[in-house]
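Q: Residue numbers (the numbering used here), protein chains in the order written: chain A, 1 to 373; chain B, 1 to 451.
No lab work stands behind these hints: they were computed from the structure.
Every residue gets a Cβ at the ideal spot worked out from N, C-alpha and C, and that includes glycine.
Any given hint could be a false lead.
Claimed, not checked - With a straight-line cut-off of 25 Å between C-alpha atoms, the simulated DSS-like cross-links for lysine-lysine are: (1) B:K397 with A:K193; (2) B:K308 with A:K327; (3) A:K177 with A:K151; (4) A:K252 with A:K177; (5) B:K297 with A:K327; (6) B:K160 with A:K327; (7) B:K252 with B:K229; (8) A:K252 with B:K380; (9) B:K380 with B:K397; (10) A:K327 with B:K270; (11) A:K48 with A:K151; (12) A:K74 with B:K397; (13) B:K296 with B:K397; (14) A:K22 with B:K254; (15) A:K193 with A:K22; (16) B:K397 with A:K327; (17) B:K254 with A:K327; (18) B:K160 with B:K252.
To be verified - Here are the in silico distance ranges between beta carbons for each label pair: (19) A:R148 with B:A408: 57 to 63 Å; (20) B:L404 with A:H204: 26 to 32 Å; (21) A:D329 with B:I145: 26 to 32 Å; (22) A:H204 with B:I445: 55 to 61 Å; (23) B:A305 with A:D170: 55 to 61 Å; (24) A:R66 with B:G279: 50 to 56 Å; (25) B:R204 with A:H181: 44 to 50 Å.
The chain contents come next:
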Amino acid sequence: MSPDPQTLPAGTQRFVEALVAKLRRRQVVGSREAALETVLVLRQLVSKARFSNIEQLISLIRAVGRRLVEAQPKEHSVGNTVRKILHHIREEYNTASKGTASSSTKPVYSISTFVLQGQPRKHNVAPKSEATLSLKENDPDDPDSFARVLKPVLMEAIQDVLDELETVYDNVSKNAKDHIHSDEIVLTIGNSKTVESFLKGAAHYRNFTVIVAETGPSYGGHSMARALSSAGISTFLVPDSSIYAIMSRVNKVIIGAHAILANGGMFAITGSLLAATAARVHSTPVVVCAGQFKLTPLWNLYHDYGALDFADPSSVLGFEEGALVEKVDVLNPYYDYVGPELVDVFITNDGDHPPSSVYRLIKETYDDDDHEL
Amino acid sequence: MAPAPLLPVHPPNGPDPIVQPQKSQKQMTKAERRELQERQRAAKAAAKSAAGPAGNQGKGGAKPSAPPTPVPKKPGKSEALPKPPLTPGGRTKDRSASISEPAAGNARGLRIFSHFGLPKPVSVAKGDIHPAILRLALQFSNFKITGGNARCIATLTAFKTVIQDYTTPPNTTLSRHLMTYLSPQISHLVAARPMSVTMGNAIRQLKLEISGSDIDLPEQDAKNALFQKIDTYIRDRILIADQVIEETAGNKIKDGDVILTFARSSVVQKVLLGAHEQGRQFSVIVVDSRPMMEGKKLLSVLATAGIKCTYVLLPAVGAVINEVSMVLVGAHSIHSNGAVYSRAGTALVAMMARQHSVPVVVCCETYKYSESVQLDSFTKNELAPVGDQFCPFPLVKSPSDLTLQNRARLEILNPLYDLTPPTCITAVVTEVGVVPSNSISSIPIALGRLL
Numbered sequence: 001m002s003p004d005p006q007t008l009p010a011g012t013q014r015f016v017e018a019l020v021a022k023l024r025r026r027q028v029v030g031s032r033e034a035a036l037e038t039v040l041v042l043r044q045l046v047s048k049a050r051f052s053n054i055e056q057l058i059s060l061i062r063a064v065g066r067r068l069v070e071a072q073p074k075e076h077s078v079g080n081t082v083r084k085i086l087h088h089i090r091e092e093y094n095t096a097s098k099g100t101a102s103s104s105t106k107p108v109y110s111i112s113t114f115v116l117q118g119q120p121r122k123h124n125v126a127p128k129s130e131a132t133l134s135l136k137e138n139d140p141d142d143p144d145s146f147a148r149v150l151k152p153v154l155m156e157a158i159q160d161v162l163d164e165l166e167t168v169y170d171n172v173s174k175n176a177k178d179h180i181h182s183d184e185i186v187l188t189i190g191n192s193k194t195v196e197s198f199l200k201g202a203a204h205y206r207n208f209t210v211i212v213a214e215t216g217p218s219y220g221g222h223s224m225a226r227a228l229s230s231a232g233i234s235t236f237l238v239p240d241s242s243i244y245a246i247m248s249r250v251n252k253v254i255i256g257a258h259a260i261l262a263n264g265g266m267f268a269i270t271g272s273l274l275a276a277t278a279a280r281v282h283s284t285p286v287v288v289c290a291g292q293f294k295l296t297p298l299w300n301l302y303h304d305y306g307a308l309d310f311a312d313p314s315s316v317l318g319f320e321e322g323a324l325v326e327k328v329d330v331l332n333p334y335y336d337y338v339g340p341e342l343v344d345v346f347i348t349n350d351g352d353h354p355p356s357s358v359y360r361l362i363k364e365t366y367d368d369d370d371h372e373l
Numbered sequence: 001m002a003p004a005p006l007l008p009v010h011p012p013n014g015p016d017p018i019v020q021p022q023k024s025q026k027q028m029t030k031a032e033r034r035e036l037q038e039r040q041r042a043a044k045a046a047a048k049s050a051a052g053p054a055g056n057q058g059k060g061g062a063k064p065s066a067p068p069t070p071v072p073k074k075p076g077k078s079e080a081l082p083k084p085p086l087t088p089g090g091r092t093k094d095r096s097a098s099i100s101e102p103a104a105g106n107a108r109g110l111r112i113f114s115h116f117g118l119p120k121p122v123s124v125a126k127g128d129i130h131p132a133i134l135r136l137a138l139q140f141s142n143f144k145i146t147g148g149n150a151r152c153i154a155t156l157t158a159f160k161t162v163i164q165d166y167t168t169p170p171n172t173t174l175s176r177h178l179m180t181y182l183s184p185q186i187s188h189l190v191a192a193r194p195m196s197v198t199m200g201n202a203i204r205q206l207k208l209e210i211s212g213s214d215i216d217l218p219e220q221d222a223k224n225a226l227f228q229k230i231d232t233y234i235r236d237r238i239l240i241a242d243q244v245i246e247e248t249a250g251n252k253i254k255d256g257d258v259i260l261t262f263a264r265s266s267v268v269q270k271v272l273l274g275a276h277e278q279g280r281q282f283s284v285i286v287v288d289s290r291p292m293m294e295g296k297k298l299l300s301v302l303a304t305a306g307i308k309c310t311y312v313l314l315p316a317v318g319a320v321i322n323e324v325s326m327v328l329v330g331a332h333s334i335h336s337n338g339a340v341y342s343r344a345g346t347a348l349v350a351m352m353a354r355q356h357s358v359p360v361v362v363c364c365e366t367y368k369y370s371e372s373v374q375l376d377s378f379t380k381n382e383l384a385p386v387g388d389q390f391c392p393f394p395l396v397k398s399p400s401d402l403t404l405q406n407r408a409r410l411e412i413l414n415p416l417y418d419l420t421p422p423t424c425i426t427a428v429v430t431e432v433g434v435v436p437s438n439s440i441s442s443i444p445i446a447l448g449r450l451l
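With these hints in hand, go ahead and build the complete structure from the sequences.
A: What follows is the structure, encoded as structure tokens:
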């Protein structure tokens, strides 16, 4: 059976196309939003898909995943979510098929597979389903029997991914009070929901001050400052230009990420590089709050154009400056690449990690085969 | 957040806050007296805007004559805390009426900004202020005239008018009396906006010239001599200096260079235009940022002159710094330790340039030299007014997404300057030559201690 999306039921196909269009038109922005939408599409896909062996299902998901990723390559969380679901499906399949006679699929644990697979922390001994599922792949009499048996387990696995996404803010801010002390002065930029919930979480226990940089050209700092101040946190809103001036009195820089890369660097809203560099110059720690769905198996070593994504220049130099607009180039990149040397810690919904261990987290979270969808 | 336990910086006011103002002036600390004064001033301002509800006087009857306020007291003791000096005096009454109480509480959390110069409306002229000075003060406080050079030239020109209209009273001499006449004029200017280092240096020089003017000279001759001196100062220290800098810095620009500049400096503008006129092929990246967005002006000048320009906002500087061959910025003042005090954001640009091994060249006339040493941008700074009247946000941004006014627990700060440390500066181009930032203290010697 060919795995191309044409074999999808029409309803699912429409679902996929709708998200592709939304991603392309930038109607879905923000990594969590994109991840959530992706899970929903994939859940629909798995629940409706017809397959008689695991390879068919996986190639089906990969094809849809590829389509979604190509729609918006810079929205890394889409690909991450696909990879994560693939990983979970394989895991479920492995535990389910372990009980069956086909021992050939059973992974052999040796030091080499350990290194290759890199799953030292995964609890392989926690099967979600009883191992008595009678998995019969490629049953010629009843091609759907495989799917029928496996689907409930898979849906459960996808639901786990969805739950993780939905609780990500709570889990990131769980330990917020351990990172912020009383009367601390925290600098943040942009309008990251993760950082917002982190700071609000800490505000339950600590009394501190947040300085929010406006973060042009989106000026997301304005909404952030309002959200924080209405939560009772003493907030100061400053222009981006004064980050350096203020940094000498800042105790900690807390920023969000768009995608965390395998080398420990990250993509984050423009201005993050300025803030992180200024913090490094002043020896101020830089804390990055991000959900695990932002872990991206990608390497980026340079801050080059190719890695960035460019937004509408009219928010930098509006058309009200008509005569000027046609004479000059205007750049408005969405993201900055912040190297691992500028970040002190990633606070995720699964604990705190230094940039140097991100590659290991990625190995644990995704299967190596899926790095290229 | 739970009711914030605010820092009890001041002794609790006790059960009856009304008693507190009765405390005699001598018993108060300096800070307390200052706050009392602030409160009285605020109360007076509120009383003036009589349209506002009587509840305006929420400061707990700071002014003895104020009617007893019916404002319900919150249970917390912190409620009666006085309004700190941080709250801008110029805030409009609708804001102060509704949120001054929580804003005051908020500001208690962080007082490290309280020393920043605050934008205030031009005070009513005290004493005999010359109309030229009055107008100049308004232009300063409305940021119609900005930039070290422009402000210095405008001040000196205004002083020429003032001196021309001055007549020495009988029984005194011009060299002794003129300065006492000028002093209130200067204070009026300073009240409008803190004095720039350039103005300070120029005024010091002017004072020197006035006190040195010949007693036996007829008045008009003495004035003419002063005008001569002022014109020479403007010409030598600013205009000719700029020409020399324009030439020296222009020579550093090579064909194919990408020059990055931040905000707008009149000298940098001259350098770029000069180099372009000489036929050098280069492009310019103008980096800009709020609160002033001055780069747009530079951008339009350069683009009109036909220089290839790119415009980015400060946060995006990381994306373009790789292709830059030289950073060229201006300065507000330069300090003897080599630090450059300049428009806020310059330090960030210089820092990024240094990280990427791009030379940072500061164009700065020697009359901007200040003997003092500054260590950070915090001890001395100035705030731009809150709001968007000086620099509108892009139209695509809907005003509902923006925060343009102080709110409860939310304070907007717009520092105008920052200090670029000498380590981030490759060289300073002055009219006496190109000086590395660690030898800035030799400038007075190079000038033969002209300062």
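Q: Run every hint past the structure and note whether it holds.
A: Verification of the hints:
{"no.": "1", "hint": "B:K397 with A:K193", "result": "20 Å, holds"}
{"no.": "2", "hint": "B:K308 with A:K327", "result": "8 Å, holds"}
{"no.": "3", "hint": "A:K177 with A:K151", "result": "41 Å, violated"}
{"no.": "4", "hint": "A:K252 with A:K177", "result": "13 Å, holds"}
{"no.": "5", "hint": "B:K297 with A:K327", "result": "14 Å, holds"}
{"no.": "6", "hint": "B:K160 with A:K327", "result": "41 Å, violated"}
{"no.": "7", "hint": "B:K252 with B:K229", "result": "33 Å, violated"}
{"no.": "8", "hint": "A:K252 with B:K380", "result": "23 Å, holds"}
{"no.": "9", "hint": "B:K380 with B:K397", "result": "33 Å, violated"}
{"no.": "10", "hint": "A:K327 with B:K270", "result": "20 Å, holds"}
{"no.": "11", "hint": "A:K48 with A:K151", "result": "10 Å, holds"}
{"no.": "12", "hint": "A:K74 with B:K397", "result": "24 Å, holds"}
{"no.": "13", "hint": "B:K296 with B:K397", "result": "18 Å, holds"}
{"no.": "14", "hint": "A:K22 with B:K254", "result": "47 Å, violated"}
{"no.": "15", "hint": "A:K193 with A:K22", "result": "21 Å, holds"}
{"no.": "16", "hint": "B:K397 with A:K327", "result": "23 Å, holds"}
{"no.": "17", "hint": "B:K254 with A:K327", "result": "22 Å, holds"}
{"no.": "18", "hint": "B:K160 with B:K252", "result": "37 Å, violated"}
{"no.": "19", "hint": "A:R148 with B:A408: 57 to 63 Å", "result": "58 Å, holds"}
{"no.": "20", "hint": "B:L404 with A:H204: 26 to 32 Å", "result": "29 Å, holds"}
{"no.": "21", "hint": "A:D329 with B:I145: 26 to 32 Å", "result": "31 Å, holds"}
{"no.": "22", "hint": "A:H204 with B:I445: 55 to 61 Å", "result": "60 Å, holds"}
{"no.": "23", "hint": "B:A305 with A:D170: 55 to 61 Å", "result": "56 Å, holds"}
{"no.": "24", "hint": "A:R66 with B:G279: 50 to 56 Å", "result": "52 Å, holds"}
{"no.": "25", "hint": "B:R204 with A:H181: 44 to 50 Å", "result": "46 Å, holds"}
In this structure, the hints that do not hold are numbers 3, 6, 7, 9, 14 and 18, in rising order.
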